[in-house]
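**Student:** Take a look at the letters that make up each chain.
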Amino acid sequence: MASEPVLTPTDFVAITNQVLEVSMPHVFIEGELTNYKVSKNKWLYLDLKDDQAKVSCFGSIYILPGPLEEGMKVKVGGRPYLHPQYGFSINIQTIQPSGEGSIKKAFEMLKEKLKNEGLFDEDRKRSLPFPPKNISLITSKESAAYADFIKIVENRWPYLQINLYDVQVQGEDAVNQIVKAVTAANNSPSMSDLIVMIRGGGSLDDLSAFNDERVTRSIAASRLPTLVAIGHEVDLLLAEMVADLRASTPSHAAEVMVPSRGSELEGLVKTKHYINQLINNSFIEESSYLSLAKKTLVSGMNEKISSALNLIKNYKKIIEAYNPNEILRRGYSIVRQKGGVVGLAAKLDKNTNVQINMQDGGFEATIESINLNKIKIRKEFHK
Amino acid sequence: MNQDVDYPKLKQELETIISWFEDSNHNLDESFEKYQRTQEIISLMERYLEDSQKKLQVISKKVDSQD
Numbered sequence: 016m017a018s019e020p021v022l023t024p025t026d027f028v029a030i031t032n033q034v035l036e037v038s039m040p041h042v043f044i045e046g047e048l049t050n051y052k053v054s055k056n057k058w059l060y061l062d063l064k065d066d067q068a069k070v071s072c073f074g075s076i077y078i079l080p081g082p083l084e085e086g087m088k089v090k091v092g093g094r095p096y097l098h099p100q101y102g103f104s105i106n107i108q109t110i111q112p113s114g115e116g117s118i119k120k121a122f123e124m125l126k127e128k129l130k131n132e133g134l135f136d137e138d139r140k141r142s143l144p145f146p147p148k149n150i151s152l153i154t155s156k157e158s159a160a161y162a163d164f165i166k167i168v169e170n171r172w173p174y175l176q177i178n179l180y181d182v183q184v185q186g187e188d189a190v191n192q193i194v195k196a197v198t199a200a201n202n203s204p205s206m207s208d209l210i211v212m213i214r215g216g217g218s219l220d221d222l223s224a225f226n227d228e229r230v231t232r233s234i235a236a237s238r239l240p241t242l243v244a245i246g247h248e249v250d251l252l253l254a255e256m257v258a259d260l261r262a263s264t265p266s267h268a269a270e271v272m273v274p275s276r277g278s279e280l281e282g283l284v285k286t287k288h289y290i291n292q293l294i295n296n297s298f299i300e301e302s303s304y305l306s307l308a309k310k311t312l313v314s315g316m317n318e319k320i321s322s323a324l325n326l327i328k329n330y331k332k333i334i335e336a337y338n339p340n341e342i343l344r345r346g347y348s349i350v351r352q353k354g355g356v357v358g359l360a361a362k363l364d365k366n367t368n369v370q371i372n373m374q375d376g377g378f379e380a381t382i383e384s385i386n387l388n389k390i391k392i393r394k395e396f397h398k
Numbered sequence: 893m894n895q896d897v898d899y900p901k902l903k904q905e906l907e908t909i910i911s912w913f914e915d916s917n918h919n920l921d922e923s924f925e926k927y928q929r930t931q932e933i934i935s936l937m938e939r940y941l942e943d944s945q946k947k948l949q950v951i952s953k954k955v956d957s958q959d
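So the protein sequences, as listed, match chains A and B. If you want my numbering, it's the 1-based position in the first sequence plus 15. If you want my numbering, it's the 1-based position in the second sequence plus 892.
Hints were generated in silico from the structure; no laboratory data involved. We treat Cβ as the ideally placed atom computed from N, Cα and C, and that holds for glycine. Certain hints may be false.
To be verified - List time: in silico DSS-like cross-link candidates among lysine-lysine, alpha-carbon distance up to 25 Å:
#1 K310(A) / K946(B)
#2 K88(A) / K52(A)
#3 K365(A) / K353(A)
#4 K52(A) / K64(A)
#5 K319(A) / K309(A)
#6 K954(B) / K331(A)
#7 K64(A) / K119(A)
#8 K319(A) / K954(B)
#9 K328(A) / K926(B)
#10 K90(A) / K119(A)
#11 K901(B) / K319(A)
#12 K954(B) / K120(A)
#13 K365(A) / K319(A)
#14 K903(B) / K332(A)
#15 K328(A) / K953(B)
#16 K926(B) / K331(A)
#17 K195(A) / K90(A)
#18 K901(B) / K309(A)
#19 K166(A) / K148(A)
#20 K901(B) / K310(A)
#21 K954(B) / K353(A)
#22 K310(A) / K947(B)
#23 K319(A) / K947(B)
#24 K901(B) / K332(A)
#25 K901(B) / K328(A)
#26 K331(A) / K901(B)
#27 K328(A) / K309(A)
#28 K140(A) / K57(A)
#29 K926(B) / K310(A)
#30 K309(A) / K953(B)
#31 K156(A) / K88(A)
#32 K954(B) / K328(A)
#33 K69(A) / K90(A)
#34 K954(B) / K148(A)
#35 K953(B) / K331(A)
What the hints assert, rightly or not - Label pairs and their computed distance ranges (CB to CB):
#36 N386(A) / W912(B): 33 to 43 Å
#37 E300(A) / D956(B): 15 to 25 Å
#38 R345(A) / Q949(B): 40 to 50 Å
#39 Y304(A) / F924(B): 49 to 59 Å
#40 K287(A) / E942(B): 48 to 58 Å
All chains, full assembly: derive it from the sequences and hints.
**Tutor:** The following block contains the structure:
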């Protein structure tokens, strides 16, 4: 028998890591969380244990799904690795609470933390454009949720442009893919009006990506308004709580997001009738107002003219009372000398002409003599 | 309608003359002149009002035909 090779510690570590890389490149280990430590706010140290064994694990805090605490049951996915100085550990790639109790506990802790940060506050909620012109849809293209959503949107509002971000909605890569999709939708040059995130129902474990802190924070940080719909019967998920709007199922999301073409058309017809009626009423109202105004004005003008004519009649009567010709009709005459009316015999000059006006004409005469009681005149009739 | 006629002015002139007549002891010649003027004024005012009536009828018919 050939003698066994004697290795240096360095060689042993290198060979062991080669063997591990080939025989066990990735492993899931589920156990109770113990010796949980965060170093320099960057590195994560923990042990997984059961009744008989304990495995050390190491990783970055950025892979944490949310707060964890000692005693929780967790499932770690990672790479077994023998460190040249610190010994054997699992390099953590994913870590999730597992078992109903731990999942609920982790959920409550994260919910409390995010709530205290104000991420679920109502005043953060933005209104969604209605209807949107284009949306970024984050879901799995293979899912029934996607098929239901598309079917309803096409029936209700076929004008919507959908930019699909096809992601895993459960499993190891789900969180990373969803977070990347939210970031990409927000940074896309063809900016959508809205991000819609949908998934069908499942167990709490299946839905864990939508209770993940990284997914929840990416939705909270989205510049685009968000609509999240995860079909399930249990309590709300954190992704739904942080979204601007939540729908109970993917189908419901399609219904709240876009109007129904039929009901819109019906509404338009009703609005058209209503506007026609308003215009018609307004026309009738204005016509009757104008007609009344016209009658009032014509009658007012007529009254004004009649009253002016009556006034003129009165003026005529008054003027007639002062008509100087009236005295001639009563048998009096008017004597004029040198163009002026002479009212006194004493003002007449002998041997001058005077003009006498009577009712029906007049004559000229020469004054032969003046008698203050009698005046002799030579008559020269004229008409 | 005679556009040159200033109806309010004519009315004022007529009322001034009537007031003049209402004061006694006027020169007879002046009375003749004033009286003659009143006849002219009244004639102008009557014509103005008759023209107004005619114009009103024309406008009213025109509006009716547009309805």
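**Student:** It remains to establish, for every hint, whether it holds in the given structure.
**Tutor:** We went through each hint and held it up to the structure:
no. : hint                          : verdict
1   : K310(A) / K946(B)             : holds, 16 Å
2   : K88(A) / K52(A)               : holds, 16 Å
3   : K365(A) / K353(A)             : holds, 13 Å
4   : K52(A) / K64(A)               : holds, 15 Å
5   : K319(A) / K309(A)             : holds, 15 Å
6   : K954(B) / K331(A)             : violated, 35 Å
7   : K64(A) / K119(A)              : holds, 20 Å
8   : K319(A) / K954(B)             : holds, 21 Å
9   : K328(A) / K926(B)             : holds, 18 Å
10  : K90(A) / K119(A)              : holds, 14 Å
11  : K901(B) / K319(A)             : holds, 17 Å
12  : K954(B) / K120(A)             : violated, 89 Å
13  : K365(A) / K319(A)             : violated, 58 Å
14  : K903(B) / K332(A)             : holds, 15 Å
15  : K328(A) / K953(B)             : violated, 29 Å
16  : K926(B) / K331(A)             : holds, 13 Å
17  : K195(A) / K90(A)              : holds, 23 Å
18  : K901(B) / K309(A)             : violated, 29 Å
19  : K166(A) / K148(A)             : holds, 17 Å
20  : K901(B) / K310(A)             : violated, 29 Å
21  : K954(B) / K353(A)             : violated, 60 Å
22  : K310(A) / K947(B)             : holds, 16 Å
23  : K319(A) / K947(B)             : holds, 14 Å
24  : K901(B) / K332(A)             : holds, 20 Å
25  : K901(B) / K328(A)             : holds, 18 Å
26  : K331(A) / K901(B)             : holds, 17 Å
27  : K328(A) / K309(A)             : violated, 28 Å
28  : K140(A) / K57(A)              : violated, 32 Å
29  : K926(B) / K310(A)             : violated, 41 Å
30  : K309(A) / K953(B)             : holds, 11 Å
31  : K156(A) / K88(A)              : violated, 32 Å
32  : K954(B) / K328(A)             : violated, 31 Å
33  : K69(A) / K90(A)               : holds, 14 Å
34  : K954(B) / K148(A)             : violated, 54 Å
35  : K953(B) / K331(A)             : violated, 33 Å
36  : N386(A) / W912(B): 33 to 43 Å : holds, 36 Å
37  : E300(A) / D956(B): 15 to 25 Å : holds, 20 Å
38  : R345(A) / Q949(B): 40 to 50 Å : holds, 44 Å
39  : Y304(A) / F924(B): 49 to 59 Å : holds, 55 Å
40  : K287(A) / E942(B): 48 to 58 Å : holds, 53 Å
Checked against the numbered hints above, the structure breaks hints 6, 12, 13, 15, 18, 20, 21, 27, 28, 29, 31, 32, 34, 35 and satisfies the rest.
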